[in-house]
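Peer 1: Here is what each chain is made of, one letter per residue.
2 protein chains.
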Amino acid sequence: MQDARVYNDLLTPVGFLVRTAKVFEDKVAIVHGEKRCTYKEFYERVNRLASALKKKGVQKGDKVAFICPNIPPMLEAHFAVPMIGAVLVAINIRLSASEIAYIIDHSDSRAVFVDNEFADLITPVRDQIPKVEFLVNICDTGPALPLPGLEYEAFLATGEPDPLPIEVDDEHQVISINYTSGTTGRPKGVMYHHRGAYLNGLGEQLEFHTRADSVYLWTLPMFHCNGWCFPWGITALGATHVCLRKVMPDEIFRLIEKEKVTHLCAAPTILIGMSAYADEKQIKLDRPLNIMTAGAPPAPTIIANMEKLGINITHTYGLTEVFGPHSVCQWQTKWEGLPPEERARLKARQGVPYIIAQHMDVVNLETMEPVPRDGQTMGEIVMRGNNVMLGYYKDPEATRQAFAGGWFHSGDLAVMHPDHYIQIMDRKKDIIISGGENISTVEVENVIYRHPDVMEVAVIPIPDEKWGEVPKAFVKVKPGTNPTAEDIIRFCKENLARFKAPKSVEFGELPKTATGKVQKFKLREKEWAGRQRRVN
Amino acid sequence: MQDARVYNDLLTPVGFLVRTAKVFEDKVAIVHGEKRCTYKEFYERVNRLASALKKKGVQKGDKVAFICPNIPPMLEAHFAVPMIGAVLVAINIRLSASEIAYIIDHSDSRAVFVDNEFADLITPVRDQIPKVEFLVNICDTGPALPLPGLEYEAFLATGEPDPLPIEVDDEHQVISINYTSGTTGRPKGVMYHHRGAYLNGLGEQLEFHTRADSVYLWTLPMFHCNGWCFPWGITALGATHVCLRKVMPDEIFRLIEKEKVTHLCAAPTILIGMSAYADEKQIKLDRPLNIMTAGAPPAPTIIANMEKLGINITHTYGLTEVFGPHSVCQWQTKWEGLPPEERARLKARQGVPYIIAQHMDVVNLETMEPVPRDGQTMGEIVMRGNNVMLGYYKDPEATRQAFAGGWFHSGDLAVMHPDHYIQIMDRKKDIIISGGENISTVEVENVIYRHPDVMEVAVIPIPDEKWGEVPKAFVKVKPGTNPTAEDIIRFCKENLARFKAPKSVEFGELPKTATGKVQKFKLREKEWAGRQRRVN
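Top to bottom, those sequences are chains A and B.
Mapping of the first sequence onto numbering that gives the first Met the number 0: position 127 corresponds to residue 126, and the numbering continues sequentially without gaps.
Mapping of the second sequence onto numbering that gives the first Met the number 0: position 14 corresponds to residue 13, and the numbering continues sequentially without gaps.
Bound-form chain A, shown alone (with noise of 0.2 Å):
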């Protein structure tokens, strides 16, 4: 049997893009700019790729990284480098060069596939990765060839392009290893496993009912979470990829316009752009649109815009260590006739646990016992199940702490509410302690972004003498609008607990993360320059 040697009754999500390559042949895989591939030639571009790495030496085990935005070498990469048993290290492009060094090295990799408009993230710190044996220069926006290395193109023309076996002998070999952005310390290296990817990549399939005739649209970075398993499950149904270097708005719509999107992933912040844009440009879909959301919790107010363009909102949670989303706030037709602030603030919460993660729930900090289900009580976030990390690379400290008591412990505070849904209150780390009484930020926030006046609000503890910490906002402002501190906070004193209105407020844009998220320890380091907070 000639299929006998590729395949594998190991659950590898590797294995999907074996089947689709048969069954939609000559259908559209990718989609990059003007370029189309079939999933023909994905496959014989995968097994290229992955007969070149062979060629090279590389073998089972052995970390591979890259440099790349999400353009077809990135997609390419989860197949080619888990099919001959290597460890994909997909690396975030806005790190600065000393951190990528730094990931490059503690994760062994012995090879680094960098775009050419990234090639400055490496050349200073070539002395820093000694392990690296070769580099790929990858020629998506021109020819230069900034590295000493092959052109990418050049490199797969040294492999072939025949089916290669699937080197998987147990679920949970590494697959891939991800980088945490490390708001303290050292980034840490998450790990994940052949089994993990091939349930998580089909259970994000299931909650965002994709289906063969899907357009997925790649504006969620796929050097975070494997982009939450899609690279694997969005080629298990056959549906197609459309690639996006740059996560820009008027492109963005442009591309849901020209290459008939369906589903797209993004974090709130991104909703938030595309909202405004929308807005400015007066743009109005003229086909369904999806999006799957998370990466912070969105305010109802963000879900709300959203939904006011005719855009349906899955609004998912998760963590790096969880494959990307583990909860999803799963719709109940009984929502349906409720007031659109009502469902908002309903579809704003965190939810339940996705159908192939099973397990989750919050616990109180000291016992572990579940916290009541009041949505009052508040108490950490933990999960169990088949899309959670095997640990941290090389750190088995860090790993032993995060999986205290059997569990993953996420570092989100959140409730239960009485209906089994989840909601997030803060991260631990973030969380205000104002005279004994916890303030969540996120509470704080999802108020002032009602305020009409507010694109963007992050909100942190300062320190305070008299209450030890004291809630400030920062916030950015729609364009046109010129609110003061005073309105800010009397908004807040109208619509809050008086307490947990900012006793300050500062305007201005927010530190961000390349995924979107807010980094909110950057705006707490100025804050408590000198001083000491609490440690969690």
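Each hint should be verified, as a subset may be incorrect.
Identical chains blur together in the list; that is why a pair holds if it fits in one copy or across any two.
Unchecked claim - Result set (SDA-like, lysine to any residue): computed pairs, CA atoms no more than 25 Å apart in a straight line:
id	residue 1	residue 2
1	Lys333	His208
2	Lys259	His208
3	Lys26	Gly336
4	Lys130	Gln58
5	Lys307	Gln281
6	Lys259	Asn311
7	Lys427	Arg523
8	Lys53	Asp169
9	Lys525	Phe506
10	Lys21	Gly404
11	Lys21	His208
No wet-lab data here; the hints were simulated from the structure.
The structure presented is a predicted model; accordingly, all values stated were derived computationally and were not measured.
Could you slot chain B onto chain A? The hints should help.
Peer 2: Same frame as chain A, but now just chain B:
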């Protein structure tokens, strides 16, 4: 952690109910006539059944038999029995008392649950099932207790509603044994495992596009391949099960209308009945309906007739040994512009392996090499994957034969088309060898289905002095028509190679299995009485 003992990271479909009972606590899980049961109640009843079984001494590995139509206890059994590590034996209610006694005894069932309409199947054979320790009467149609033993609700009352742990410690632990109809020899017990039931349960939903807001009508018997794993898959989504005691077209259409059914599964013969009924009653559906059909190759005419009613057909193919459907005739958007007959012809093919199945091929009977992708060369369909049985219970020799060469042998002859789609030509034992030429009975039937007077047809080989075998057609005509044998034969000669046309035609009802498969072996037995046919 209170829930930790309930949860399990192993793949088992029982966990689906644990999750759904929380997420959709007050949503309708099961509709049965005027009765409604929420997911919370469903889970409580399952726990009651499981703990009642434990109290009676039923332990891990023990077999529990059910003789029951598609009513709530049958759904409850699919979770309660495997929850305690026991094995469900759901028995075909259309078998004879002696066949049922054989299955109960061969499966080593310790308990038998019997719907009181079917008590007559047990009463005469009670002395042939000495291993059975207790009986339970399911009183769906009335209070009569025809068998010694408790009534089902009284039995449930002996159990507790509190969550029980799922007693699975190996994903390949047996979850159920399904006896094949056994057209030759004794029925064989096909062993399913938890892993396959989990994956196929979800896999069916991925292919059929069911969602939480779907309403699923139970036309397909749950005793047939555990209802193609839909008891588990529909529950995983939190969709609604609509029970159906008797599969009659009037009742099907009444429930489609009343309960707003969105999805159902049925063998082609049920589609024939539905289509004739809809014609007669001039039924128009006022919302989309999706039907998955498998169990026999549907003629293109049957598909076209259903699609004329506005019904979307998903055509799948499988066998008891692979947990029900294993392949799907995946729809391609490029087919959309084709004429309806051409679309139906493409859709009548058995297609490509499921996303979760992956492995399927057509191989030469001797060499096991894949046949050419020419749509002409016949070979046997072979399968591998996580949805393939463990083997036949207590029958290592039959298991060895079925897995010769490391693949499961379907016994179905098919061709592989250039687009990688499989098309069944015949069962190995049904194909006609006439003067050395193969004649596919399916091909001849597909032509006869196009004759305007034909409602249903089966073609079989009959002995012939000159040719060895020749085709004979058994035809059920549409009401009010009266074609002659010559009409049918002439129609075939006009639309087929002449040697493939039947030499004789007989009119009347066709013998069928419980799931609506025509029992060709019964027709053959009559025609071949006293003669020896070739053995495959």
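Peer 1: Next, verify each hint and record whether it holds.
Peer 2: Verification of the hints:
{"no.": "1", "hint": "Lys333 / His208", "verdict": "both (20 Å within a copy, 21 Å between copies)"}
{"no.": "2", "hint": "Lys259 / His208", "verdict": "both (16 Å within a copy, 20 Å between copies)"}
{"no.": "3", "hint": "Lys26 / Gly336", "verdict": "between (40 Å within a copy, 16 Å between copies)"}
{"no.": "4", "hint": "Lys130 / Gln58", "verdict": "within (15 Å within a copy, 56 Å between copies)"}
{"no.": "5", "hint": "Lys307 / Gln281", "verdict": "within (12 Å within a copy, 41 Å between copies)"}
{"no.": "6", "hint": "Lys259 / Asn311", "verdict": "both (15 Å within a copy, 23 Å between copies)"}
{"no.": "7", "hint": "Lys427 / Arg523", "verdict": "within (14 Å within a copy, 74 Å between copies)"}
{"no.": "8", "hint": "Lys53 / Asp169", "verdict": "within (20 Å within a copy, 35 Å between copies)"}
{"no.": "9", "hint": "Lys525 / Phe506", "verdict": "within (15 Å within a copy, 90 Å between copies)"}
{"no.": "10", "hint": "Lys21 / Gly404", "verdict": "between (45 Å within a copy, 23 Å between copies)"}
{"no.": "11", "hint": "Lys21 / His208", "verdict": "both (23 Å within a copy, 21 Å between copies)"}
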